[in-house]
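> Model the placement of chains B and C on the given structure of chain A, informed by the hints.
Protein chains in written order, with the working numbering: chain A, 1 to 405; chain B, 406 to 827; chain C, 828 to 1140.
No wet-lab data here; the hints were simulated from the structure. Here a beta-carbon is modelled for each residue, glycine too, at the ideal position from N, C-alpha and C. Just to be clear, a hint being listed does not mean it is correct.
Claimed, not checked - Okay, derived cross-link-like pairs now, BS3-like style, lysine-lysine, Cα gap no bigger than 27 Å in a straight line:
| hint | chain 1 | residue 1 | chain 2 | residue 2 |
| --- | --- | --- | --- | --- |
| 1 | A | K332 | A | K405 |
| 2 | C | K907 | B | K821 |
| 3 | B | K821 | A | K48 |
| 4 | A | K383 | A | K354 |
Said to hold, decoys possible - Here are a few chain C residues that face chain B, going by a calculated C-beta distance under 10 Å:
| hint | residue |
| --- | --- |
| 5 | V919 |
| 6 | L923 |
| 7 | G927 |
| 8 | I932 |
| 9 | Y952 |
| 10 | P1131 |
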Amino acid sequence: MLKPIFTFLAASLLLVGTASAETVKLALIDPLTGPMAAAGQPAFEHLKYAAERINANGGLNGNKLEIVGLDNKVNPQESLVQLQKAIDDGIRYVTQGNGSSVASALISAIEKHNRRNPGEEVLYLNYAAVDPAFTNERCSFWHFRFDANADMKMNALTDYIADNKDIKKVYLINQDYSFGHAVSEAAREMLKEKRPDIEIVGNDFHPLAKVKDFTPYVSKIQSSGADAVITGNWGQDITLLVKAAAEFGLEAPFYTYYGASSGVVTQLGDEGVGRIYQINEYYGEFEDPEMAKRQTELYEQSGWDFYYLRLSTMLDMLKKATEKADSIDPVKVAKALEGMEMETTTGKVVMRAKDHQIQLPMFISVMQDDMKYGAEGTEYNFKKVARIDREDVSLPTTCRMRRPK
Amino acid sequence: MNDLTAVAPRQNRFSWRALSPWVISAAVLLLLPVVFADNGTAFTLMNLIAINIVFALSYNMLLGQGGMLSFGHAVFYGLGSYGAMHAMNAIDEASYVGEGFWSHVPVVSMPLVGMIVGGLVALVIGWPFCRRAGTAFAMITLGLGEMVAAAGQMFPSIFGGEAGIYGNRTVGPQWFGLDMAHATGVYWFMAFWTFLAVLAIWAFTRTPLGRMSNAVRDNPDRLQFIGYPPRNIRFMVFIASGAFGGLAGGMAAVNYEIITPEALGLIPSGTVLLMTAVGGLGVFYGPIVGAVVVSLMNSMLSDYTDASILYVGLIFLAIVMFAPRGLGGGLEQVRVAAKDGSLVNRLPGWLSGALAVILISLGLILIIELLFQLLHGDDATTQFFGLEFKAVSIISWIWSLILFGAGVAVMRVTRKLREDNA
Amino acid sequence: MLEIVIFSTLNGILYGLLLFMLSSGLTLIFSMMGVLNFAHASFYMLGAYFAYTMGMEIGFWPALLLAPILVGGLGALVEKFGLRRVHENGHVAELLFTFGLAYVIDELVQLIWGTVAVAYREPDYMREPLFTLFGTDYSIFRGVVILIAVLMFIALWFLLKKTRVGMMIRAALTHGNMVGHLGHNVPRLFMGVFGFGCALAGLAGVIGGPLLATEPGMAVTLGPIVFVVVVVGGMGSLIGAFYASLLIGLLQTFFVAIDASIADILNAFGMNVDPYGEVTGITLASLAPMTPFILLVLILIFRPRGLMGELEP
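Same shape as in the complex, but just chain A (with noise of 0.2 Å):
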């Protein structure tokens, strides 16, 4: 029982012998817990992962970084009860990923906050929410976003679909919802404008997470004679549309934002090997030693694999920010931010300060068997296809900021 008492002695000294270097906080709001906790999960340990990696490195400007999880079941009010409960918590910074419902939710609330409580701001990274509308109509001085946004996946794809002759012919299948169609729309358009000639065979919308057996689509997939399918489904949605189709023996590439995410590879195994591929900011190859390591420390201390490059690259970003502003006041570190230029493993990446929006180079990957560093713990990976440099992955934005004076 005395335990407890001695832990609890040793830390006061231990805050008083360092009151000078305060612990910033980054609270994680995602799902933790539930279905959908797999979504959440692997962000978390990577998070907490690339933490002790800056934390051995001089931490935030010399305060220590810790990473705090609130679960928020995917739910956008749920999320901003969590909200609340970071700020109260004396948190500054929040992350978030799943769902583009809870990052709107987000966006909207941080806003109102940073409004109503000056000199209390919030800043927020986003490290996964990719609806487009957060860097262009809804663009917000206290939002970053360290992913590609949709459009810009879908640019830097349909610019490896413009280069590749023989795909003539392009079945589109998405979710029913906002994501689902603006993928379909982004795809459409970009196409439209790269490669005339390309037919778009089909069109489909399912609704979300709700199917249980794609055979149907896959049998319109296979009488429409597509070359391609192009897909922004997630989760099972993309498991069981790609299971079908091996099953029906459907040789079309399937080109996907997220054919990489948990599970997948799993389920899929053989069939998945030359069929899915994989539009991200890497790949599963890990070439870089300092990579390879980092996939082979995750993976033996928590399980999920380094999927999530972005990560790593949003906090040191924010090291460097700390660093820059000589703070970690967030409206000081927002302004170091915005413009920050940084060399990565892949290659340079920028910080747009325009609209917060990350610019980076992106790899067209394909998933193979006997990969040296597999996935999930099995031999299969993601393996480099196709880099598509920064420059040719960028979109002009039509945010108008508005920043504190």
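The following block gives chains B and C in isolation, referenced to the frame of chain A:
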């Protein structure tokens, strides 16, 4: 006679004692902000609980009072919320221009908009649903819930797609100088509407229609014989319940300033059922207790354990199996005993029963936490009241079994004592 | 066009048969005990996970036999120690109990097998094509699934109509008290029926796991559809459930196959509406997964006793 129970005998005479629960609750509502003066999270949680109290009470009008088990109650909550949010945006537009009907409407009245929307939706769709209670009603509301939730994703111009629609509660005319920029200001708004809604729902149980809804739950055939078609009564209860569900939605629109299609779906419909059943169907204030407990568990428990949803499920299951009257039913039993003076005799039995439940739960919690640790390979230890337990050490498991066993033993003794007394 | 019709029919029948395997257990339990088991799809999920875990040790075929037995045993225990206790509090309490049970089973599955899907797959040789038509493969496994479902239907029919146990069950359906008075142990019969119904769900899980996916969300998404089947078919009618399963399976697959929007249909009837409007632009394909629920609401409004049911629920 300060009866709050749904089955209380009809009161004919005004009595000051009947007022006492209301005076006390009003005092509590006034005191809470003083107690939690500097705690923003407490305000956020209280606002959330206030919404859930109204939502759960509106649900209990169906399930507890009318005997209609619904799996689609969030439809009214969500649509009411959407209605209020659109109205709030209309206020924003109109006060910007400075003219038009909406420029005179204060945001404080948004729950009324939600109530009207909820009631209208129930009025439009309810008639064919109310033919039967029981399983048929449960199934048809399940289908309705699924359909409306899917429609929420399909029509972005009304529902805003995945991102939902958002608004600003600080626009339009202010009433009583209520500044709703902060959670504390919102608290007064919530306190006002919750008090009013609880009072109204309680009053509803005292109307002839409220009594009839009990009758239609207990014996619809007999009601038919004496000339009241059960379907009409169910329909009217359905509308009232939908209206109050919409009112809760209107409160939510003001509190969160955002509403997304998730609010229409099966998950909130399940949560409200959970809250109501945990609190107890038979006692008027049961759902209030349930709303407080389940909201707190939903928002706070996951900070301490990864198995939070499992605990909520287990508590629900335990209550359905061992305490069908819910937490509120338990409180009511204590209250009644205190009134008729049998409390002294029964208290030892209850206390040892409570001890048994606590011991068994502690043992179970420890087992679940250790299992979690073992299966997820965390080398972290399980923190338990400041003590640390490691799944790899056998001592942790022995401790959990000792706790569990002690609980079962106390339970046995208690039961035997009770039988001897009887 | 012909290929779409043929494959849609095949797929629809297959999906329908899977639904029937699930709903037959549910309808049996309902007709016997009056309990609409909300956790039925959770037992289906347990079947898949058990078969996955066992299959790694003993292979697919033994798991096909053992996993349902295990699930059935579990179901019998649930009936004996849980459901029987709440029975006296009425049907709503029973529904609430199974609702909570579904919650707990789903969470336990996540606790034990993790939140990510597991790699439960049919044996390699069953992935070979059974036949190839118009360039599309139809795997052996799909054939096996159809075979198992049909065999199960025949066995079930035989059990209920031709055996002594079946006679007792049918008697208890209509004259429960009389069967009790005649000296049969009705509670044990209930336990057996509940366990048997769960075992059928488990069998569906063993097959549905590799066919669809074995992941913690598999129960939540399929659960409501199974209810729809039972209600549409008519509460407690096995034949009704069979027809309703096939109807829903075929309806869903054909809706997907028909590439038309609401506007296309209206315009074909001479109306002139905007083909890209928000309502009129909705395609039948995107409505397909909603068809069961639309059907459910329509049936409950216009024909509450379902397709083949004798009683209203």
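> Would you mind marking each hint as holding or not holding in the structure?
Structure-based check of each hint:
1. A:K332 to A:K405: The hint holds at about 11 Å.
2. C:K907 to B:K821: holds, 23 Å
3. B:K821 to A:K48: With a Cα-Cα distance of about 53 Å, the restraint between K821 (chain B) and K48 (chain A) is violated, given a limit of 27 Å.
4. A:K383 to A:K354: Roughly 34 Å between the alpha carbons, so the hint for K383 (chain A) and K354 (chain A) is violated.
5. V919: holds, 5 Å
6. L923: holds, 5 Å
7. G927: holds, 4 Å
8. I932: holds, 9 Å
9. Y952: violated, 33 Å
10. P1131: holds, 6 Å
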